[in-house]
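S.K.: Listed below are the residues making up each chain.
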Amino acid sequence: MKLNIEGLLVYFPYDYIYPEQYSYMLELKRTLDAKGHGVLEMPSGTGKTISLLSLIVAYQRAFPLEVTKLIYCSRTVPEIEKVVEELRKLMEFYSKQTRESNNFLALALSSRRNLCIHPEVSSLRFGKEVDGKCHSLTASYIRAQHHSNPSFPVCQFYEEFDAVGRQVPLPAGIYNLDDLKDFGRRKGWCPYYLARYSILHANIVVYSYHYLLDPKIADLVSKELAKKSVVVFDEAHNIDNVCIDSMSVNITRRTLDHCQNNVDTLHNTIHKIKETDAAKLKEEYRRLVEGLKEANVARETDVYLSNPVLPDEILQEAVPGTIRTAEHFVGFLRRFLEYLKSRLRVQHVIQESAPQFLKDIYDKVCIDRKPLRFCAERLQSLLRTLEITDIADFSAATLISNFATLVSTYSQGFTIIIEPFEDRTPTIANPVLHFSCMDPSIAIKPVFQRFQSVIITSGTLSPLDIYPRILDFHPVTMASFTMTLARTCLCPLIVGRGNDQVALSSKFETREDFAVIRNYGNLLMEMSAIVPDGIVAFFTSYVYMENIVASWYEQGILENIQRNKLIFIETQDAAETSMALEKYQEACENGRGAILLSVARGKVSEGIDFVHHFGRAVIMFGVPYVYTQSRILKARLEYLRDQFQIRENDFLTFDAMRHAAQCVGRAIRGKTDYGLMIFADKRYARADKRGKLPRWIQEHITDGSLNLTVDEAVQLSKHFLRQMAQPFRQEDQLGLSLLTLEQLESEEMLQKIAQVAHQT
Amino acid sequence: MASLSEEVLLVVKKVRQRKQDGTLYLMAERIAWGPEGKDRFTVSHLYADIRCQKISPDGKAKVQLQLVLHSGESTTFHFANESTALKDREAAKELLQQLLPKFKKKANKELEEKNRMLQEDPVLFQLYKDLVVSQVISAEEFWANRLGGVTNTDPAQYKYKQEVGISGAFLADIRPQTDGCNGLRYNLTADIIESIFRTYPAVKQKYNENVPHNLTEKEFWTRFFQSHYFHRDRINTGTQDIFSECAKQDEKGLKSMVVQGVKNPLVDLLSLEDKTLDEGYGVCGAQPSTSNSNRTVKESSNYAIIKRFNHHSAMVLAAGSRKGETPTDQASETSSTDGNSRDSDFFQPPVKKVKLQEEYEDLQQENRPKTVPLNLKKSDRYAHGPVPLQSQQYTTSQDIINSVNYIQHEMANYKPNLTQVLSSTVATSAISALSPGGVLMQAGAQQAINQMVPSEVQGELKHLYVAAGELLRHFWSCFPVNTPFLEEKVIKMKSNLERFQLTKLRPFQEKIQRQYLSTNLTGHLEEMLQTAYNKFHIWQTRRMMRKT
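Which chain is which? The protein sequence lines are D and B, in order.
Sequential numbering of the first sequence, starting at 1, is according to this note's numbering.
Sequential numbering of the second sequence, starting at 1, is according to this note's numbering.
So that you can see chain B by itself, here it is in the shape it has in the complex (with noise of 0.2 Å):
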């Protein structure tokens, strides 16, 4: 058995899967389960094929633990054991919970990946679509090559790859679903978790002192449920919550972060006035006064959402923009409890002189020398022009006025030689062939491609040649061909390349047949496959003969 040489684990006996019983092993790298008395496993997850794992409610009779995979498909183990059937299901939870994650982080780095290449490279989208969906090639073989080059070419970007913040409404994802029977169910998952932790590390701190020596993970969760710590409408009466330390700590976070006032002067209100009016001075509106002695329940209730949304809000910014931290750094976690980013250099509010000047960037003359805007009247007719035209040297505007001028000057000074003029057929003659259609015209037929051939057609032929191309580079990347994996991936090319020939090619031929068109639209590919064959045939001669 392979997978002897793993690490296991955690090893679960008596665990029924499809009415079987058998057992379950976690592994370093997967989760396996085998029959009992059988000598291999029939079912095998690797942790990174999971999305996440799912128990059932603890009063259900059936003790079960179900692992929903990527793919959709899901996998349910029964823990079949009487006496310890609980407690087996929450070790292998635990440690799942442990294990998921990283692997999870793995995957989906990698998934997301592929999912914002393909999402970003609309030609690559349709690549992936032409090969891997038609099954010309499989999945691997697309993106061996192309994750590689990205993380060759471009290794800084993929290293400081752009932290994920945090959902403003971590919060609301908790809905509350009532059982039934008076009582609220929360779910939780590691990212709220991480969430929470991350924008409250208060919540953190108190985690780390009490779980687990005074209160069950579980027993934790319930408590902050219910704290009025989780309910920012309820005020803080004095219990002895442990989270009423957290609100106190909060607050006096948000205390320092106000105290500390603002860098920028502009959103500064407490020096926006020049000179307030002195106390008494004034018409006193219908502005209750902020001292929280006359304000009703209702009122302070009021007001104690509104501050715990700024402070909200100013958590989730700041826990966002906190630099270089990984979430699992605790440490350096807890010691930024106010919350306050000013630190971090991502947020600078610009020099007070800049922002002082006021800015009519519209009413300034632009510094960059002046151009002529491009007037298109039909952009495509821009995008397909006539290409060999391009080829030629850029004149500047004052070649073409001296040429102007030049010529101007030639046909001033223009005197005919009557003795060397053509006879008027031969003239006729000559412009009929040079005029549209004529003998000396037709080479020029060939550009008109875009005219003749309607555009669905044109679309289609561009997929071909892009897929093709991608085809043929593999191809052509084996080459010289001296190891035995190359061999492997040369033939195997080969006939990608022919199934491509005859899933793709081939219809399109037969369908521009019937549409009537010229049949050497594909001549071009038809040639460059060839020259893959004879390539790849004299490769294999060569092979045969030296084998022989």
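This is chain D alone, in the form it adopts within the complex (with noise of 0.2 Å):
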């Protein structure tokens, strides 16, 4: 259908439409016109990607040249695939509507793991070592050594990519993945660079955060995105982890030995080489004084995306002395590894600050911050010189190297905690220092200086207003969402007692109390009973998994419950439980009924729906708190209500429920599907910890389902799922919460849509 989104004509490549699709595109155009950034939350399964689609590529054709690219930036390949796939069916559409072939191009990108074509190196199973043989195979000086010596193996995609691929660009068109792969084999041209090197023309690019990210990444991949993109974060409800995951650093006694062995790698290579041939050296310490200056142009031209461990003033200096020779460096990293080492050997824990680091290492071994501060960009420069091949073995002076350029250039946002042994091993020494992101803003700041529109939006982002917060910048437009429904497919039950009246809590008094263990084994077992085909349940933590479940099985709960469905559990292995995800399914799907028993903040609770009979029930044990003795984390609050005036409580509530919301969301995913979402915990109950669920959670609780027992709880389940196994069809949605374009065009719904969103 063609919709007019306020004087916009969009093209939807559906019939029918959901009301809040058409709210959401009408907040997204708003954000748009305003060049600004947003933050929208609409549940999944309500055709978020679709609905941003449309609208962005609407626009993109009504106004070529305020918005020339879409950014799209989504969390997992399937999901990366999955986009690319609506924006297929998107285009065919534009097509069958306009008769005339657009010439877009979008493209998927992904790491070289999934990209590459070449026989040796993409059957590595390991992206790590997909990424190092590929560079072992196309360095510059490989090819270079190649041209004289025939014999020298190549990777033959790249050199024919090299050769040609430059001057044709990418023949319009949608390319997933696959289409990608094909393209490149057709050719024999290698669809990684030809992907890297096409994002830059493309009109949408669909790729992972971390490319945009990860300053390490995004220096690479996306620093020459042009100014007027739009930035779309989808399920970004945990942007600002990945902001700080990208931002940290971790130094153990194994980092550092290897360090030692690179560092004395390089001194012998450089022995080597000047011995033969002297002039290289001399040339690489040429460019070095030259410095810097050519990054600086480009970035006072404004024509990359800076680079938050590239600091501004660095740029406008040369090298400093010290470092610029080859030897002095290496000298220079040897005293800096010695220093972290004897930081290592302490018998207690220490926190400290940038600054007081910076003044102890120069206090002891008199390292200077400036020259500290070019570390990761001189050692960039010198094993380029000295034709290092294996960049991956080279993964820990890397890591040292950008530790030291982020410390001396960060006063704050940034801690470093050294801890002698790990918290629940005092015994075993393992030291390890932390030197911690704190401030999610730091990696993030570029993008939203750079880019013109940047859309935040998941299906839990709730509460709205804590996100611009702590990622520190101002949005046009904040709104969430409802789903809209014709049946009331989600059931939200807080159980709060067990039938004997035990308050059932994961807080951490009652943690090991076998009433609250047993009443919890109980809540399973009756749900089994009721319950048809799959049941997904989440722990707060592994250890609290692994201990319930030993007890379980200690008190035959375990047994029981296998009578009625077989049992899967999430281990730490991420191989073991992609295992036991498939024989879930499968035993969901041949009929025999399965549960999962996951932990929140897991791998299975972030990437993985359970559509219709994979996940009718979700019971979420406990209310997933983060680990609150780790000092990380408590520099991290004590930041926060510094920095942002967050209350510790508020953001921990927040970071538990949001975690909450995604795994309960696991099990809707759409309208026609449905699902029991069962919180057993009694402080669900209270309205702080209610309030910040996502709204159309929480407009399904009842006050009658605020604490119940079990066996209520399995009253009221049994009614539902009774009821939701009704057929369902079409003309049940009908006008109500799915829309025909003339429906959509009444006044009285334009209205009533209006006013829905209007509650926002």
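Careful: at least some of the hints might be erroneous.
Claimed, not checked - Derived lysine-lysine pairs resembling BS3-like cross-links, with alpha carbons at most 27 Å apart:
1. D/K603 to B/K307
2. D/K603 to B/K255
3. B/K54 to B/K14
Calculated directly from the structure, the hints in this document are not laboratory data.
A quick note: this is a predicted structure, and the numbers were derived from the prediction, not measured.
Two chains, two frames, some hints: make the complex.
M.R.: Here is the structure:
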């Protein structure tokens, strides 16, 4: 259908539309008009992706000079591929309606592991291996060697691409990962480099967060993306953690040992080169004196996305003399390394700020702040000069140099914590230096600064106002849309008591309480008897789950559950869990029914959807608070309090509730889907917790379902499931939660939609 | 003695039953017991009738064996030969153990089938209640016709019967009981053993290797229950336990499953993340390292439980979906020790492409032609609506529109033909005759049965019709009567019909009379029965004539 969104003609590739999609597009249009940033929450399964794509593509066609590119960031590879498929559908609709082939180029970009077609390299299983192998076949000096000695192996796909691939741009069309590979095979070009090259002139790019947020990758990949782009972060409820992760560094004794080896290798290589090819080193020296002038020019003319690891000051200066020659730099690295080693020899926990650290290092080994800041850049340059084949081997040295640059650049927003041992095993020495970022806005700042519109969207972003605060930006629109439903297909229940009236809670004091554990077991057992097909249960942490599973086993509860359903359990091993997941789905598929015990914040809770019969009920055992005893967290809370005036408790509850919402939201993936959401902790009944759930869940929690016993919950669930099992047809939805074009255009409906949207 | 022709598998002398000495015979199809010195069996059970056997505990003075039948009765044999009582009993037990499952399956299958048919078909169930439970005809007669029909008409369904899976909790069913003196007793049935073997082929292999050369069956199972293998929270300590190898094998199977990875890219957590952080970056949270070195004993035992639960569930699932293997098919079973059913074509992950299409079925126009939903205000009126009207030709909406147009047209152009109008009195009488209750409307009264008769009577009448129909079907299927068997049957059916009339129809008639309802409700039933009687009489007189 063709929609009129405040004067913009939007092609929507479906015959019907949900009312909330219409509201969503309205808000989105306003955001784009204002050239500002937006925060939009809409439940999963209401067609967020297609609404986004339809509107932005329409906008791009209407105002080709205002918005030149859409950068769509998602979280997992399957999600990226899904987005491209949706886009394909949209484009097919366009060409059918307008009867002309459009010249849109859209493509997905992923890591080499997912794009490589080199027979040898692509057979490797881990991303890091693939990257390393690829580098050893495509690095410039390798290719130069190949030139002189043709028996030297290179990647023929890359060679082919380098020779001709850049001359003709990728023909217009929609390229998913597999399409890119096909295209690459046909032409004999490397799909990965082709994609990386093509994103510069593509209209739509779909890739993972990291390509924009992780400075190490963003610098390589996304640096040159046009300023007039719209950036969308989908599934962005965890974006602050992604930012923090990309800027934090952990240094263990093992890292230092590796680094020591690296430095030794560097030393030897320099020594060798000096004997054979001293000119090369001289050339490097000259280049460094020239400094990073080029980079500075580029930044000033605003060609590049700035790199938070490459601070402005560096660009204006030349590399300081103390580390300019290769030998001096290696010596410098050695000194720094020794210092770090001495720091790791502590017997008690130390926490300090970056300035304190710098002062200490100056006092102890006379290392200045300035050369430290150039460390990362200097090492890269050296590695290039020395023609190191295996970059992956030098990851430790790179890590240390990145740390050096970061610690000397940011005096705020970071903390250094040195722990001599793990808390749980105080007898085993395992010193770690955590250099942890506490301010997610540092990593995302360049994105907000550079791009004209950044949209942060997800199914669970409540409470909305906290994201602009912790990411430090000013959105022009903030909205939360609920799911209009013709039938109440979700049933949130808060189970606060066992049948014996014992209060259910995962709080620390009652964690080990057998009465609570038993009642949790009872809840699961009763549910396993009445819920068809799949049940997913989430625990607050691995340790908690392991303990509960063990005591359920001892008490024979698991055996009773096994009478009803098979049990699968998430482990910390991803491969093992994948297998359990597949078996779980198989058991749901063949009608046997299964239970998956899983962990909030685990991989399953973040990336796996349990549509329809794969998850008819989700049980959340306890409130998934983050492990509050961790020092890093404490430091972060403190920082949030001081800098953003966010109270510790508010943040902790916010964090716990967004994860809880993520977990229970896994079961509902659309309006035809249905599922129970059981919150098994009496603390959920409190207003401060409940109020932080997304609106679309909150509004279905009735006062009657706030503090149920297990039996009451079972009764309500039985009733709900029976009702939901009745056939549900399109006609039932039409006019309420599903609209035709005529219905949408009626005055009455528009008013209703506006009213609903206004509640936010 | 008729049974002499049977093959006698085992004879045990000096077996007492009801305080009477006698001899126990185990034959190919039944077990029998005859008192001493007599030439007949006083006890005889087909194996198919036996649900299970129980034996007295070893320590007891009396060495007994009890047979429990499906009907709930039980028979106890007391082995009284002092010196060899135990051995005799064991021999009998062993043999029974081998024989019973064979027959059990057959009996169960039939019973199950019958049960299933009754459950699935409420009409049949009612019929069964009407005819068999009230003893109008016997159960065998009832089924003789039915079951044959099923197997004949639908052999495919019978042949590819879905194999029964394994209960996930079969290990839980082995409830250990304390025997009072620091010991535990586990009850094992053939079913459980089979489940264990199917789920854990490694155990089966061990069983084949060790029993009976190295261990007796009992020892084998005792060790099994003692092993850490059974107690999942115990960690493999590497003793000489024969099951430690099983555990290792399981571990290997699990590992190979894990290494193989998953086919469905949507659940592959390894490739979910596009770009994982390099080592050393990121906030490493409070998650403990996965290496086993610094786990406490408690933790690693918890971990072991979790791992084994995953494995157990996977094995049960795999055992359930292994195709085309009967439980006795040993060779093929041991070959697939890793419990991985991915090769079976039961579960094929859907093609990636299809899965990637986000599906909003409800947003899409459905392709089938638009239909108007049936909006029923009173659904029972729809169900029992006036029958004669249904025979009419169905008219399309276009027809209706055309005819409406036509009528409108006619009405517009209507000119009364005043020369041929009726007089008013004649018109009134015609109208009254055509109104409900009028002379011409009498015929319609019969149709209103559903308004006149209370619904329970209707229901009862319906059952009577069904039952009578069934009996009559039996009756009429005997014609033409050309074998002595059919002759016999037709006579029996006739008497069945009479019995039906007497025990079912009559009381019903009296009942409706008491309620002052019109008796011709059952008129048609009587008519049908009468026709059957007439046919019978004609046939009988003809037969008599032929005989004389």
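S.K.: A separate judgement is required for each hint: does it hold in the structure or not?
M.R.: Consistency of the hints with the structure:
no. : hint             : result
1   : D/K603 to B/K307 : holds (17 Å)
2   : D/K603 to B/K255 : holds (20 Å)
3   : B/K54 to B/K14   : holds (19 Å)
Of the hints listed earlier, there is not a single one the structure fails to meet.
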